[in-house]
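Here is how the chains run, residue by residue.
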Amino acid sequence: MFQKIGILIQALVLVGISTTFFLSEKKQISESEKRTLAQWPALNDSTYFSGAYFKGISEYINDQFPERDWLLELSNKLRFRMGVHLEDEIRMVVVDGQMEQTNEAAPNDSLEASTNDFNAAYSGGMLIVNGAAYTMNSGSVNVSPIFAKMVNEYATTLGPSVTVYSCIAPLSSAFIPSKQYAYLNTKNEQTLHAIRDNLQPGVKFADVLAEMNAYRKEKLFFGTDHHWTAYGAYHAYVAFCKSAGINPANLSDMDHEIRGPFLGSLYDLTRDESVKEHPDTLELFKPRVTTELVYYGPSGFDKPVKCSLFSMAKGYPSFISGDHPLEKITTSVKNGRKACVVKNSMGNAFCVYLVNHYEEIYVVDFRYSKHNLVRLIKDNQVNDLIFGMGMYGAMSKGTIQMMRQLGLNKSSSSSSTSSPAKTASKTTNKSKSTAKSKKGKK
Amino acid sequence: MVFSSLIFIFFFLPLSLLGYFLIPSMKGKNFILLMFSLLFYAWGEPIWITLLLFSSIVNYFMALYISNHQGTVNSKFALLVSICINIGLLMTFKYADFFVDNTNWLLGTEFTKPGITLPLGISFYTFLSLSYTLDVHRGHIQVQKSFLNFMVYVTMFPHLVAGPIVRYSEIQDTINERKTSWAMAWSGINRFCLGLFKKVVIANTASILVEKYLDVQFLNLSSPEAWFGITLFSIQIYFDFSGYSDMAIGLGRIFGFNFLENFRHPYAATSVGDFYKRWHMSLGRFFRDYVYIPLGGNRKFQLRNVFIVWLLTGFWHGASWNFVLWGAFFGCCMILEKLLDRYLKVTPRIFKHSYTLILIIFSRAIFYYVDFDKLKTFVKTLFYSEYPVSINLKNDLLGYMYFFILVILFCIPWDEIFNKEHTVYKRASKIYFYGAPVINILLLLLGTVLLIDDTYNPFIYFRF
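Going line by line, the protein sequences match chains E and C.
Going by the numbering used here, 391 is the number at position 346 of the first sequence; the sequence numbering is gapless.
Going by the numbering used here, 271 is the number at position 275 of the second sequence; the sequence numbering is gapless.
One chain only, chain E, in its complex shape (with noise of 0.2 Å):
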């Protein structure tokens, strides 16, 4: 009687849960994810026999269980709770760095050398230390010199009339508070110094690693985003000003404001709950200088849309409204002098600071833009050329293609010139339907 008893329990937990993922709503986003979900899969021959059918219904129930991402959170809290954790903890955490990207503006082919970028520096071990996630990359010094020859490419392309800057942000591993990962630091700095070598004469190196060394007690990289704080960015700024041999301008005389909390990126990749434990709050320095911006569509200037430096975001995408193709900054600097930025989302932060010294600056993100990087810099009279990214940009040899591509793009039809300016005045304002969009890891 009381196996009988057992035994209907356990059917009846069974099929309830069962009945339960029938009658659940299914879904085709992971909000807390930051991915496309699992749908039914299609049954024909080439699925069937490669076994793709199976496994997708399998995917199919398991991304649209009931009630998923209260049991992923459970799921997280219960390893986490499997032992005792102390405050100063450091920890390893083994990641697979596969991170859907979710940028709307991207052209289809562009997302997944986004993702290899991200996922370059963001696989394999990552420290978890005080509930801040770092990633344990440092570059290769093999591949600097692949960068450092295509930035080379472009000074030759462009002549003296341009000053081409190579300014590139070392990753987070260089900041680990921990002697133990200390080597890391010099490891960042042989890779930036092995561009550095590598670079012709007259391409000026901004060295943003010492600079930030400086200021190493700071919070330069946020703990649960793979990206740089306002204070990280700063600093890469007073670097590229000091290799430019302009004065910077003061954070103090910037107006300060602070958004949050919010959880990034690394909190998405590790679902450490010491991570989730420790939010990031985000401190924005915004110049006092009237800016307007609008950004452009992978390639074509015809169809302008405004946004702000500042986009209203909780978290990174805050910067410059996040990732565009092409995003065009008008400043009320008036002292004739042009600038273009080729980045990843790193430069986002390091952009705005920009706009104290120029009066236009082009921001160009290579893993999307399909625009002439020659002619757009020739036909607007830009002064500096800027690479201006996150070390993970330049540590494979996949996303320096695309930045050498992005001098041979041709130009694309509707585009009957390269000057974004002349087409400027047709904008639609989409500022805040653009911040929510871009909430995504970038």
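Check before you lean on any hint, since a few could be wrong.
Straight-line distance between alpha carbons at most 30 Å, and here's what the computed DSSO-like set of lysine-lysine pairs gives [stated by the list, open to error]: (1) C:K422 to E:K49; (2) C:K390 to E:K49; (3) C:K175 to C:K23; (4) C:K370 to E:K224; (5) E:K79 to E:K423.
Per label pair, the in silico range of CB-to-CB distance [unchecked claim]: (6) E:T92 to C:L393: 41 to 47 Å; (7) C:D169 to E:S91: 53 to 59 Å; (8) E:K49 to C:K341: 23 to 29 Å; (9) C:V366 to E:N295: 55 to 61 Å; (10) C:Y383 to E:Q446: 42 to 48 Å.
Calculated directly from the structure, the hints in this document are not laboratory data.
Note that the Cβ used here is the ideal one computed from N, Cα and C, for glycine as well.
Starting from the known structure of chain E, arrange chain C on it as the hints suggest.
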């Protein structure tokens, strides 16, 4: 499909049980079991199901032929054909690349590797079929005349892809006619839930740490961390495989079959020989009955026989020299133990247990690193490393403290320490008996929670 997946637990299993218990006739039950078993296999191997069917059909007819010509030369010939086909299938689909590779290396030839992906469970169902025809030939069992029942024996999903290697003699009384009782089904559910817990909570957690120490940190490991990592792999492989076997045995009971045990607290062994009797016992029984005893057992050339059995055991695990090395290592250990037997008999138990455990854990390195260069580096690291112990070790020992306590509790052979008449054993059994309905639900829910982020977590023994 794997047992430790949401689709299996919440859809496949309830549907197969529903179909099975709704049909009153045994023929119908067996048919349902066969259909679900084929679906279970096709889920992971939609193409190789043809190979499974081919192997089953061949063995069914061969066994019938052997039985009909019992004691004649024809019977022996049929057995030989059956052995050749079974071993041939294994050699072709599991070892072809290995043989081509080694031929090319040895003779300097340039044959192209066939590049066949290992069909799931081939090592298990081939040995199972082989044992069947051998037993029919020896007259140990009666041949199964019903094709349906024979197919149920070979393809039954509880044991199909990762064992235990069920011998026909174990189930011959139940394959044609069996009664399922509430008590048996209940004990099957208990066992399944326990196995799920071992796999999802212990083995999968250990795997996270194993990857961290044995892969990610591989190049800058200190010696203590290397030992820690390989100990974790020993934990992972044991709980992974024994968890699977528990689930298989549990499912078997629910359907009315009694499979023999496959593990008996192997890490409590006091010698390598003892370990052999406690680990993957169904494979051990297979090699004992079909290789060791026919070679002469312990009557003649015992040391040679032991070594051959271990070489074959190693080679069975995979088409790679490291598995052969693993087998040879254990073979040598067994031989040494036999030679030192009289000294070991007077050695304190704690010492015997310690050396056995060290040897077993060490041997896992040979199992883990298929790449010989990596294995060499790792073995060197076990004894010397220029790197200091990282803070990870302390933090992981603390951060997974409850996990390690759980592992130790599970590794202790409580049933050997307290016999069934002992008060502690009786009390514990009583508590478990009454607590089981709640415990099972908790284990099931815990397994579900931890599986939610783990779409595919195959068992280690799937690759063998």
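Here's how the hints hold up against the structure:
Restraint check for K422 of chain C and K49 of chain E: satisfied, since their Cα atoms lie roughly 22 Å apart, inside the 30 Å limit. Under the criterion of a C-alpha separation no larger than 30 Å, the hint pairing K390 of chain C with K49 of chain E is inconsistent with the structure, at around 47 Å. Only pairs whose Cα atoms come within 30 Å are accepted, and K175 of chain C paired with K23 of chain C is accepted, the gap being roughly 13 Å. The straight-line distance between the Cα atoms of K370 of chain C and K224 of chain E is roughly 28 Å, inside the 30 Å bound, and the hint therefore holds.
Among the hinted pairs, K79 of chain E with K423 of chain E is inconsistent with the structure: their alpha-carbon atoms are about 39 Å apart, more than 30 Å. Our hint of 41 to 47 Å for T92 of chain E and L393 of chain C holds, since their Cβ atoms are close to 46 Å apart. Judged by the Cβ atoms, the range 53 to 59 Å given for D169 of chain C and S91 of chain E is violated: they are separated by roughly 45 Å. For the pair K49 of chain E and K341 of chain C, the beta carbons lie near 51 Å from each other, so the given range of 23 to 29 Å is not met.
Separated by about 59 Å at the C-beta atoms, V366 of chain C and N295 of chain E satisfy the suggested range of 55 to 61 Å. With their beta carbons about 36 Å apart, Y383 of chain C and Q446 of chain E fall outside the hinted range of 42 to 48 Å.
In summary, the structure is inconsistent with hints 2, 5, 7, 8, 10 from the numbered list given earlier, while agreeing with the others.
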